[in-house]
Every structure is written in structure tokens, then in C-alpha cells.
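Got chain Y sorted already, so can you dock chain L with the ligands onto it with the hints?
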Amino acid sequence: MDPYLRVEDLRVSFNTTDGVVRAVDGLSFSVERGRTLGVVGESGSGKSVTSLAILGLHDPRRATVTGGITVGGRQLIGRPESEVRRLRGRDAAMIFQDPLSALHPYYPVGRQIAEAYRVHHRGAGRAETRRRVIELLDRVGIPQPGRRYDQYPHEFSGGMRQRVMIAMALVNDPDLLIADEPTTALDVTVQAQILELLADLQAESGTAIVLITHDLGVVSQVADEVLVMYAGRAVEQGTVEQVLLRPQHPYTWGLLSSVPSLRGDAEADLRPIPGNPPSLIDVPAGCAFHPRCRYAEHTAGRCGTELPELRAAGTAGHRVACHLRTEERARRYAEDVARVGVAR
Amino acid sequence: MARFLLRRALSAVLTLFAVSVLTFLMFFALPRDPVSGMCPKNCDPERLERVRQELGLRDPLVTQYAGYLKGIVTGRDLGGAQGGRCDAPCLGWSYVNNEAVTDTLARVLPVTLSIVIPAAILWLLLGVGLGLVSALRRGTWLDRAAIGFSLAGASFQLYFVGAVLLLVFVYTLRWLPVPAYTPLSTDPWRWASGLVLAWVSLAFLFSAIYARLFRAQLLETLSEDFVRTARAKGLPRSRVYGRHALRAAITPVVTVAGLDVGAALGGTVITETTFGIQGLGRTAVEAVRDGDLPTIMATVLVAAVFVVLANLLVDLLYAVIDPRVRFG
Ligand SMILES: Nc1ncnc2c1ncn2[C@@H]1O[C@H](COP(=O)(O)OP(=O)(O)OP(=O)(O)O)[C@@H](O)[C@H]1O
Ligand code: SF4
Ligand SMILES: [Mg+2]
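For the protein sequence lines, the chains are Y and L, in the order given.
With this note's numbering as the guide, the letters of the first sequence map in order to residues 1 to 344.
With this note's numbering as the guide, the letters of the second sequence map in order to residues 1 to 328.
Isolated chain Y, as found in the complex (with noise of 0.2 Å):
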């Protein structure tokens, strides 16, 4: 089956006065309907920047946006914003990560989804758009949906202020959801309860999902694949066993020796990779890691020099962008794990 999203070496760069961001360089993944891409990495490593490039939100007068986004057999860069608008919301929708400041604060939230539904259904009538977007908030779990719709979102609690987003967002039955940061804002046992009712709907409708993080706890409990992002690349990509249980990438590493809720003894002090995410005006020559990767003198001087390409390691479909050599990289990640214990 051909995947409903298929990014192809995508980039997106910004002009600024402090000069070119290269937000995104060379980006490639797909989603299949039905299935859940998690996309991992450090904040500034170009998540929400790829998010809203599938849906051609940015700004073309302060972005440019190269390679190749096919929805659903669409390819949608270089298409006039007229034709990308009537996809947007009804083929791919979005949810964002701060509800609050995501809904327009001056009108009620049923008002708000039923804008989302009206402007994809020119011929429905307020009554049966009513009745859609009552449907739909039961259907994300907000009690009383008919009363709820009459009512702003600061009356909303946070977590039934992301149900609201997460209705409009499926009000016109898309086949892409891409959740940018879906649960960051909320407490852990709300974002449980939001998590459980995106599997949920993605069970019913058969959607592709694209569910932005930075929390690999969340991967591991809704993703089946993932991608792990640096500096606007891919570093390492494979399905959740492959990149959580058999991570090959010296960053992956560190992201997971980071999680306690993903190693073995909760105790253990966190390990937050040392260092910072490098300016992506000038990011680093060679492998953009390198100046925070400890294993970077292993490779004869190739990582401050030669970028590494996303190739092929351990299992099928596991890719992986280092310089370390398969055996040597095995090697230094068991070295790794009886050190610091990551994986269990």
C-alpha cells in the first residue's frame, strides 16, 4: 500500500536578520493509514517546523520550502494556496500543543468546530452542522456536549480544552492527524486519558497519524514507528522496538538515558545529554552531533567533517545516520547500557 504522507527530502529555511535558519534539511519519512509516526528530538530540532510545512503553513514571504509532500497522492509544495487550503483540514488536520492559545478566545468552542466542518460542507445547514459538532465533542468525551458548545474556551480545563481541539480536528474525517505536542501541556493522567482516545479514534477511522514529542515515554505507549530528529535531520528512523529497545544512534542513546520511566530503575539520576542543541544558522560541519558526542574520536576525524547519511543497521527498515561502524557501535552501546543501564 502506498503511504498516505510521504515527505521527501524536505527543506525549510528561514531568512532572518541574524541570517539563513535551516529550520529543516533533508527530511524524508512516510506515514501508512492506520499506523502512528512519532517524531522525537530535542526542542529546536525543526518538529513543529516539518508539522506545519505538511500542511503549507508557513508564511512563503519569511519561508522557503523545498522536496516533496505527497497526501494522499497530492504532492502539495509548489501547488497555489487556493488548492492546499481545501485540503487542509479536511484531508490533514492538526492539532496543536497549547490548547488555550490554540481557540480563538472571543467565540464559543462549538461555533469554532463548526467553522472547521462548514467550510468543508458549503451545503450543510446549522442544524445538521450542530448536531455533526455536538456528535463529535461526545464522541472525544466532553459531558453535556450540547450545553458545552455554547461556551468559551477559558470555561474548559486544560485536557477538555485539547478534546476540543482533537474534535476539530476530526470534524471533517481526515485521513492524516499530525498532533503537534498533543499532551505537553497537560498533567500526566490527563494526557493518559488523550492519548488513549487518539488510539481509540485511529482504531475507528483507520487515520495516519503523525504525533510530534519530545517524550519518548509517549512513543513508546502510541507509536509504531519513529523518527528521531537533530539539527532539522533524520538520525535515526525504525519501527518503536527497533529505535527504543535496539536504539543504534549515539543521540538516541542519550535521549533515552534521559527517560526514567524507560530504564530499568526509576532511582538512577537523569542523564541529560550534556551540551546544547547548535544554532541552526550555523550548524556544526559534518554529523551536527558531533560536538556533544562522546564518540566522536572513534571515527579517524569523519564526523567533524563528512556528513553521515541515513543508512541501513541492525534489522530491516532500521536506518540510522552515524559514522560508527556496525560492530564498533554495538560494542559501545553495550558498553553504554552496563555503564548508565538505559534500555531494560
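Part of the chain L face toward chain Y, derived, beta carbon under 8 Å: (1) Glu224; (2) Phe226; (3) Thr229; (4) Gly234; (5) Leu235; (6) His244; (7) Arg247; (8) Ala248; (9) Ile321; (10) Asp322; (11) Arg324.
DEER-style ranges, computed between Cβ atoms: (12) Ser157/Y with Gly148/L: 46 to 52 Å; (13) Asp187/Y with Ala263/L: 45 to 51 Å; (14) Asp225/L with Ala330/Y: 40 to 46 Å; (15) Gln157/L with Gly146/Y: 58 to 64 Å; (16) Ala199/Y with Asp225/L: 22 to 28 Å.
Just so you know, these hints were derived from the structure itself, not from any lab.
Glycine included, C-beta positions come from ideal geometry on N, C-alpha and C.
Okay, now just chain L with the ligands, sitting in the frame of chain Y:
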């Protein structure tokens, strides 16, 4: 909502009360004796003293203030020298104009309203329109032209703009009559043609501020998350701007407009002077010049009423625009 209204109305009344007390005190702090001002030389001191007593100037301050308030609420008897019975709202008698102050106000207030209200409508439409165009077409020549226009508006003085307009349209082209006030009910055409230059010059100056304010506000709103959401829904640009961005960006404009209009209604001194029209502003300035205390007091109070009402209106509009205010 009802409680919100009540609270606001109460604070408005308190503000007016405070203003009236302050003005009244200032009235007495003025070193000038209103009575000797009325007759500069050769006045019989005994007669002057009689007048002072008749005016109540020898009474304790509190009694005088109470009398003034009573006049406003129920009306009072001012004595033969001051036109006798003065009905509520009685604001006293002006020896300078030789009439009840309320009569003066009844004459000049419609003039100021006729200047300010059409001008405000004009400057809001112009300001918001220009701001909208330059925000939507930012970086283009249209944007630069709109900014240039508003910079010009912000850097000119009203009497200069007014003088140029007078010179061109009244004295050279003769398209317009010499500015004058005709009541709207008498002749709408003469009302408008006599005031249009005042409207245009006020609008030119004020719209400059509004254009820049609205442009900045709109650009800021366009980067808000909810605008991104609106676009992600697949809404056409017109709806994203018209429904989602505009409504949020207009809020601060409403505030500034309310305060500006409120202040302008208290008197547009320079406009009235430039075009030789007798409104509240000129009346107030002349009253100060002549030491006409009842008139000063009344014009200050009227200006305060307008400012307070404008604030109240702004609060109400806010509550209508932003549901968070209503419930907060
Ligand atoms: N409009 C823009 N103009 C200039 N730079 C931008 C713009 N949008 C994003 N960037 C830059 O692109 C980089 C990637 O940003 P992005 O928002 O995609 O990060 P992210 O991975 O989503 O991070 P987070 O986890 O914090 O959400 C950042 O360095 C950011 O500063
Ligand atoms: S390529 Fe080099 S610097 Fe980059 S992750 Fe691999 S070992 Fe580290
Ligand atoms: Mg982000």
C-alpha cells in the same frame, strides 16, 4: 454581567463626585475675587459685600458646595441678580455671559458634538482602513504610502492643516463656505459644509495614530496561535483575517478611541479656534480668561462626564468583544 455594570456605574459616579469637589476647591484656591472682577473700578465696597453675600461667597465652603450639588439635583433659587429660580440641573449663573450656565452649555454643546462625532467616525474608518491595508500589504508600496500618510498626519499641527485647508477650499477654490455652525435640524447641508474642514483636519491627525496602532496590532495578532488554527482548518484568507484576526486586533483600538473621543468631547479648543467656531473648548478657555467661575466649573464637569462615560462605554464594548471580561 449585571454586577459588572453596577460596579462600573458606581465607580463612574464616584469619579464625577471627586472631580466636582476638586474643581470646587480649585475655584476657591484661585486668588481672584469674582465679585471685584465684575466691576473693576469705582464700586461701592458695601454693594460689593452685599453681592458677595448674595452669591453665598461668605458661607462656609461645605454649605456652598452643598448648595451647588442641590442645584444640580433639585434646582435652587439664586436670587434676583442671578435670574431667580434656576431649575435642575442648575449649574449657576454667569455674570460674564449674563445667562444661566445651562443655557450657555445648551448653546455650545451641540457644536462640539457636531464637530467631534462625525470626525471620530471619519478618523476611525480612515485609521482602521489604512492600518488594515498596510498590514495586509506589508512591505509593498501601498504599505509605505499608508505609513507615509500617517507619519505626515502625526507630524503636522492642527492649526497648520486647518489653515491650509481653509486657504485652499474656502478662500481659493471657494468650494466651501467660511466654517460656521448651523444646527443639523435647521439645514443638514449647511451643517455639514460648515464643519467638514474641521472633521477632515481632526480625522487626518487622529487617523495617523490609529493606522499605526491597528497595523501593529493586526501584525501581532496574525502571529497568534489561534490565527494559525484558523488557517489549519482550511479557512480562506478573507475569513482568517476578517473573522479571526480583526476582532482580536480591534480591541486596543476601541480603548484608545474611547479615551480620545471622550477627551475630544470635553472641547476641541484648537479646532474651534482655528475655524472660528464657538464650542465647548473655546467657551472653557474664555471662561478661564474672564474668571467666569460657574462656567469654568460647568465646562470641567461636562468634560469629566464625557471622559467617564467614554470609559464606561469602553468597558462595555470590551465585555461585548471579549467573553473573558464578561465572566471574569
Ligand atoms: N518563523 C521562523 N523564523 C525563524 N526561525 C524559525 C521560525 N520558526 C521556527 N524557527 C526556528 O526553527 C528551529 C526549529 O523550530 P521548531 O519549532 O520546529 O522546533 P521544535 O522541534 O518544534 O521544538 P520544540 O520542542 O521546542 O517545539 C528553531 O531553531 C526555531 O528558532
Ligand atoms: S557520526 Fe560521529 S558525531 Fe555523529 S553521532 Fe555518529 S559518532 Fe557521534
Ligand atoms: Mg514545536
